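2 protein chains.
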Amino acid sequence: METIIKSKTKSVVIGAGHPFVMIGERINPTGRKKLGEEMIAGDFSRVERDAAAQVAAGAHILDVNAGVPLGDEPEMLINAIRTIQKISDVPLCIDSSVMDALEAALGAYEGKALVNSVTGEDERLDRVLPLVKKYNAAVIGLANDETGISNDPEERVRVAEKIIARAASYGIPREDVIIDPLTMTVAADPQAARNTLETMRMIREHLGVNMIAGASNVSFGLPDRSWVNAGYLPMAMLCGLTCAITDPTNPTLRQIILASDVLMGNDEYASNWIADFRKRAAANK
Amino acid sequence: METIIKSKTKSVVIGAGHPFVMIGERINPTGRKKLGEEMIAGDFSRVERDAAAQVAAGAHILDVNAGVPLGDEPEMLINAIRTIQKISDVPLCIDSSVMDALEAALGAYEGKALVNSVTGEDERLDRVLPLVKKYNAAVIGLANDETGISNDPEERVRVAEKIIARAASYGIPREDVIIDPLTMTVAADPQAARNTLETMRMIREHLGVNMIAGASNVSFGLPDRSWVNAGYLPMAMLCGLTCAITDPTNPTLRQIILASDVLMGNDEYASNWIADFRKRAAANK
Chain P
9 METIIKSKTK SVVIGAGHPF VMIGERINPT GRKKLGEEMI AGDFSRVERD AAAQVAAGAH
69 ILDVNAGVPL GDEPEMLINA IRTIQKISDV PLCIDSSVMD ALEAALGAYE GKALVNSVTG
129 EDERLDRVLP LVKKYNAAVI GLANDETGIS NDPEERVRVA EKIIARAASY GIPREDVIID
189 PLTMTVAADP QAARNTLETM RMIREHLGVN MIAGASNVSF GLPDRSWVNA GYLPMAMLCG
249 LTCAITDPTN PTLRQIILAS DVLMGNDEYA SNWIADFRKR AAANK
Chain V
9 METIIKSKTK SVVIGAGHPF VMIGERINPT GRKKLGEEMI AGDFSRVERD AAAQVAAGAH
69 ILDVNAGVPL GDEPEMLINA IRTIQKISDV PLCIDSSVMD ALEAALGAYE GKALVNSVTG
129 EDERLDRVLP LVKKYNAAVI GLANDETGIS NDPEERVRVA EKIIARAASY GIPREDVIID
189 PLTMTVAADP QAARNTLETM RMIREHLGVN MIAGASNVSF GLPDRSWVNA GYLPMAMLCG
249 LTCAITDPTN PTLRQIILAS DVLMGNDEYA SNWIADFRKR AAANK
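Protein chains in written order, with this note's numbering: chain P, 9 to 293; chain V, 9 to 293.
Worth double-checking, as some hints may not be accurate.
[Stated by the list, open to error] In silico DMTMM-like cross-links for lysine to aspartate or glutamate, where the CA-CA straight-line distance does not exceed 20 Å:
{"id": "1", "chain 1": "P", "residue 1": "Lys293", "chain 2": "V", "residue 2": "Asp232"}
{"id": "2", "chain 1": "P", "residue 1": "Lys287", "chain 2": "V", "residue 2": "Asp232"}
{"id": "3", "chain 1": "P", "residue 1": "Lys120", "chain 2": "P", "residue 2": "Glu183"}
Simulated from the structure, these hints should not be mistaken for lab results.
What you are looking at is a predicted structure, and each value in this text was computed from that prediction instead of being measured.
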C-alpha cells in the first residue's frame with residue numbers, strides 16, 4: 009500500500025519496498041525555547057535554516073509544529089509553512105492539536121499534506137477527519153483511544169481498525185491513513201519495544217497500512233539515546249515501519265536508516281547508501 | 009534453550025532472554041599478515057593483547073583461529089589457547105577446519121569449548137561430531153551441505169535439522185548445537201539479508217536452537233560496512249539470533265548490540281547499557 013504526500017511540485021511515496029521515509033522532526037518549539045521565542049517575535053530565520061539542514065541531511069518530508077504557549081498558533085504555523093515552501097519543495101507534515109491552527113495551515117499549504125495526528129477518540133476523529141477530507145490530506149492515526157494506551161497489541165490493532173473505518177466513513181481511503189502503533193520507553197517497561205514491534209507485525213498482516221513511529225520515545229529516560237533509537241529502527245523496519253518522525257541531521261540515525269534500507273532490499277545495489285557514503289567522505293576531506 | 013560454554017572457572021549462557029553473546033573475532037590471522045607471521049615465529053604477544061582488548065570491550069567468548077599457510081596449525085592453536093587462558097577466564101571458540109589442529113586444541117583447552125564449525129556435509133559431520141562428543145564441546149553448524157548454500161530458507165532449515173539429528177546420533181544434545189543460518193552479502197543480492205532473517209525465524213519456530221552469525225558477511229563489498237552490520241544485528245536479534253562472531257572493539261557494533269539487548273528485554277532496567285555508558289563517559293574524560 010502506498011501513501012503519497014505532495015508539495016506543489018514533489019511527491020513522496022511511503023510504502024513497503026520503497027526507501028524508508030524520514031520526516032524531519034526539528035521544526036518544533038517543544039523543548040526549544042529560543043525557536044519558540046523567535047516564532048512569537050515573527051522571526052522564522054531559524055525555521056528556514058532548520059528546514060534546509062534537514063533536507064540537506066536527507067529528510068523526505070518535514071514536520072512543522074508551531075505550538076508555543078500564548079502564541080498565535082494559526083498565524084505562526086502558516087508563517088512556518090510559507091517560509092519552508094519558499095525555500096524547499098519537500099512535502100510537509102502539519103503537526104497541531106489545535107483545530108483552528110490545523111485548518112488554517114491546511115488552507116495555506118500547497119500540496120497534499122500529512123496531518124499529525126488524530127487518536128482513536130471519537131471526539132478527535134470527528135473533528136480532525138472532516139478537515140483531512142476537505143483538504144485532501146493524509147493523516148497519522150495514533151493507536152490509543154478514550155481508554156488510554158493499551159499494553160496489549162491486539163487492543164492497539166483494534167483502535168487502528170477503528171481509525172481506518174472512521175476515516176473511510178468520511179471518504180478517506182485507507183492508504184491515506186498511516187498508523188502510529190505507539191512507541192513507549194523501555195526504561196519503564198522492558199517489554200515496551202517488543203509490544204510495539206508485535207503490534208506492527210499484526211497491523212502489517214491484518215490491516216496492511218503504512219506505519220509511522222516517533223522512534224525516539226523508545227529511549228526516553230536512558231543515557232546515549234541515539235543508539236537505543238538506532239537499534240529500534242531496524243527492528244521496526246523489519247516489522248513493517250515505513251516512515252518515522254526523526255532527526256536526519258543525527259548521523260547515527262540517518263546512517264542506520266540508510267543501512268537498513270539496503271538490508272530490507274529497499275535500496276537496490278545500495279545506490280543510496282553509496283551516494284550518502286560519498287557525500288560524507290567528501291564532507292570529511 | 010540454553011547453550012553453556014565454559015572455561016575452567018567461568019560459564020557463559022547463550023539463549024533467548026539472556027544478554028546477546030559477543031564472540032570476539034580478532035584472533036584470526038586471515039587477512040592479518042603480521043599476526044600470522046608472529047604466530048609462525050612463536051610470538052603470541054599480539055594474541056595476548058588482542059584477547060585483553062576484546063575482553064575489556066565486552067567479549068563474552070573469544071574465537072581463536074591459527075590457520076596460517078605453511079604454519080604448524082596444531083601447535084600454534086594450542087599456543088594461542090594457552091596464552092589466552094593464562095591471562096583471561098573467558099571461554100573459547102576453537103576455529104579450525106583442520107582435524108588434527110581441532111583435536112589437539114580440544115585436548116589442550118580447559119573447559120567446555122565451542123567448536124567453529126561443521127557444515128551439513130556427511131563427510132564433515134562424521135569427522136567433526138565425534139570430536140565434539142569426545143571432548144564434551146558444543147558446535148556451530150553451518151546451514152549448507154554438499155549441494156552448496158541454498159537461497160531457499162526451507163532448504164537451509166532442512167540442513168540445520170540434519171546437523172541436529174546427526175549430532176544427536178553421536179550423543180550431542182540439541183542445546184549444544186548452535187546453527188549458523190549463513191549470512192550472505194546484500195551487495196550481490198538485495199534479498200540476501202531477508203532470506204537469512206526468514207531462515208532464522210523458521211529455525212526459531214521449528215527447531216528452537218540457538219543461532220549464530222558472522223554478521224559482517226552481510227556488508228561484504230559495500231563501503232562503511234560497520235553501519236550495515238549494525239543495522240543487521242538488531243533485525244537478526246529480533247528473529248532469534250542469540251550470539252555473533254563480531255568485533256566488540258568496534259564501538260558501533262558493541263553499542264548497537266547492547267542497545268538492542270535493552271530493546272529485546274534482555275537487559276532489564278538497562279543496567280548493562282548504563283554501565284557501558286558510564287565506562288565510555290569515564291574513558292572520554
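Could you tell me which of the numbered hints above are not met by this structure, giving the numbers in increasing order?
-> Structure breaks no hint.
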